[in-house]
Amino acid sequence: MKLQRKNGLRATALGALAVSGALVLTACGSDNNTPDGSGSKAPAASSAVCKDAKGQLLASGSSAQKNAMDLWVKNYMATCTGVEVNYKSSSSGEGIVAFNQGTVGFAGSDSALKPEEVADSKKICTGGQGINLPMVGGPIAIGYHLEGVDSLVLDAPTLAKIFDSKIKSWDDAAIKALNPDAKLPKKPIQAFHRSEDSGTTQNLGKYLGATATSDWKYEAEKKWPAPGGQAASGSSGVATQVKQVDGSIGYFELSYATSQQISTVKIDTGASAPVEATSENASKAIAAAKIKGTGKDLALDLDYTTKADGAYPIVLVTYEIACDTGNKPETLATVKSFLTYTASADGQKLLSEAGYAPIPAEINAKVRETVASLS
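Residues -29 to -1, 1 to 346 in mature numbering (1 follows the signal peptide of the UniProt record, and there is no 0) are what the sequence shown lists, from first letter to last.
No lab work stands behind these hints, which were simulated from the structure alone.
A couple of the hints might just be wrong.
[What the hints assert, rightly or not] Here are the simulated lysine-lysine pairs, DSS-like style, with alpha carbons at most 25 Å apart:
1. Lys237 <-> Lys147
2. Lys157 <-> Lys237
3. Lys22 <-> Lys320
4. Lys214 <-> Lys154
5. Lys337 <-> Lys255
[As the list claims (entries may be wrong)] Taking CB as the label site, the calculated pair distances span:
6. Asp41 <-> Lys154: 35 to 41 Å
7. Ser136 <-> Glu192: 17 to 23 Å
8. Glu55 <-> Ile262: 16 to 22 Å
9. Glu190 <-> Lys93: 23 to 29 Å
10. Ala144 <-> Pro86: 42 to 48 Å
11. Asp23 <-> Lys278: 43 to 49 Å
12. Lys22 <-> Glu190: 26 to 32 Å
13. Pro156 <-> Leu29: 46 to 52 Å
14. Lys45 <-> Lys147: 21 to 27 Å
15. Ala343 <-> Glu118: 48 to 54 Å
16. Ala336 <-> Asp142: 34 to 40 Å
17. Ile262 <-> Gln72: 25 to 31 Å
18. Lys299 <-> Pro159: 47 to 53 Å
19. Ser185 <-> Lys22: 19 to 25 Å
Note that the Cβ used here is the ideal one computed from N, Cα and C, for glycine as well.
Based on the provided sequences and hints, a complete structural model is requested.
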């Protein structure tokens, strides 16, 4: 999706906007063309965001936020000249390992650090520890490919049985009961899941564990727990398989469904109507999240059991993992600069346009304050 910029993001139009002590990124480049190819020149840098940022910043982790990160990196590098941000989209598990090995400036994870991972981070964060900074929200879409069926409703128990290989055919009575008007074929269900440790997998597991207690008996871990099904690498790999295989179903962030035009399941939560996977509907669920972290850690407690009208329950929040104290001196300024942008009004606005959900304002204000305090 192309970045939207009014009049080339002219600094004279936007100015330096102070929000919760952190100034929002305006334009920070001089000779870059706008992404839409209009040829408009980006004006002089805003020292509020780009000041002291320099060199190369390596980061890795969550593939859930890849499409958001691509936009952020493109916009940031076009505006803060002389800085290179290289984010490797792999998985939450791999990102945390890289962070705790000290090979990246920050990591992306779709689940908060575990106590043992926090303990490991103290070896890298001199005098401090790794903390969770919620930066991206969004729905985990249940994508499907079933010829002749362009609308599908499922509930938590049915989803659990499908992903646990207990419902194996699309004409199963449980699916028919939820879709009385659909022409469901007698066709095997091919369920796809992530092959590597994934925060997306863990969040889906938390949803199923909270809402299908009789049908999903597995702990919510990053590694896929259930037997059967087929594995694919990354959200992009699962989405690609669902796109190609008739009779398939899988899970991935909404942006992957949108970009590949994959049909998504509406979830029967017990609300007045089944809920579609949209950024707006995910925002309604995430808005009820509470901070459970302590100190500068901003890990969230999500309510997967919501039955509020229009609240899509299968959501995740991607955290950027950084040291509260003890970040590497050579990359600290750039980490703070880049995360200041991603948490800014401009950075968060891009999320809705890309199929994600912005972090609720009250929580995001604390994120900005914490980013400013990183040392």
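Now for the hints, and whether the structure bears them out:
1. With a CA separation close to 14 Å, the supplied pair Lys237 and Lys147 stays within the 25 Å bound.
2. For the suggested pair Lys157 and Lys237, the alpha carbons sit about 21 Å apart, so the restraint of at most 25 Å is met.
3. Our distance criterion of 25 Å between C-alpha atoms is met by Lys22 and Lys320, whose separation comes to about 22 Å.
4. Only pairs whose Cα atoms come within 25 Å are accepted, and Lys214 paired with Lys154 is accepted, the gap being roughly 20 Å.
5. A distance of roughly 19 Å separates the Cα atoms of Lys337 and Lys255; the hinted pair therefore holds under the 25 Å criterion.
6. Checked against the given bound of 35 to 41 Å, the beta carbons of Asp41 and Lys154, roughly 38 Å apart, stay inside it.
7. Judged by the Cβ atoms, the range 17 to 23 Å given for Ser136 and Glu192 holds: they are separated by roughly 18 Å.
8. Between Glu55 and Ile262 the CB atoms are about 33 Å apart, so this pair departs from the stated range of 16 to 22 Å.
9. Against the hinted window of 23 to 29 Å, the Cβ-Cβ separation of Glu190 and Lys93 comes to about 26 Å, which satisfies the hint.
10. Between Ala144 and Pro86 the beta carbon distance is about 44 Å. The supplied range of 42 to 48 Å therefore holds.
11. For Asp23 and Lys278, the Cβ-Cβ distance of about 48 Å falls inside the hinted range of 43 to 49 Å, so the restraint holds.
12. Look at Lys22 against Glu190: about 45 Å separates their beta carbons, and that is not inside 26 to 32 Å.
13. Our hint of 46 to 52 Å for Pro156 and Leu29 holds, since their Cβ atoms are close to 47 Å apart.
14. A C-beta distance of roughly 45 Å is found between Lys45 and Lys147, which places it outside the suggested range of 21 to 27 Å.
15. Under the hint 48 to 54 Å, the C-beta atoms of Ala343 and Glu118, about 52 Å apart, fit the expected range.
16. A hinted range of 34 to 40 Å is violated for the C-beta pair Ala336 and Asp142, which are about 50 Å apart.
17. The supplied range of 25 to 31 Å is met by Ile262 and Gln72, whose beta-carbon atoms lie about 28 Å from each other.
18. Look at Lys299 against Pro159: about 51 Å separates their beta carbons, and that is inside 47 to 53 Å.
19. The hinted range of 19 to 25 Å is not satisfied by Ser185 and Lys22, whose Cβ atoms lie roughly 56 Å apart.
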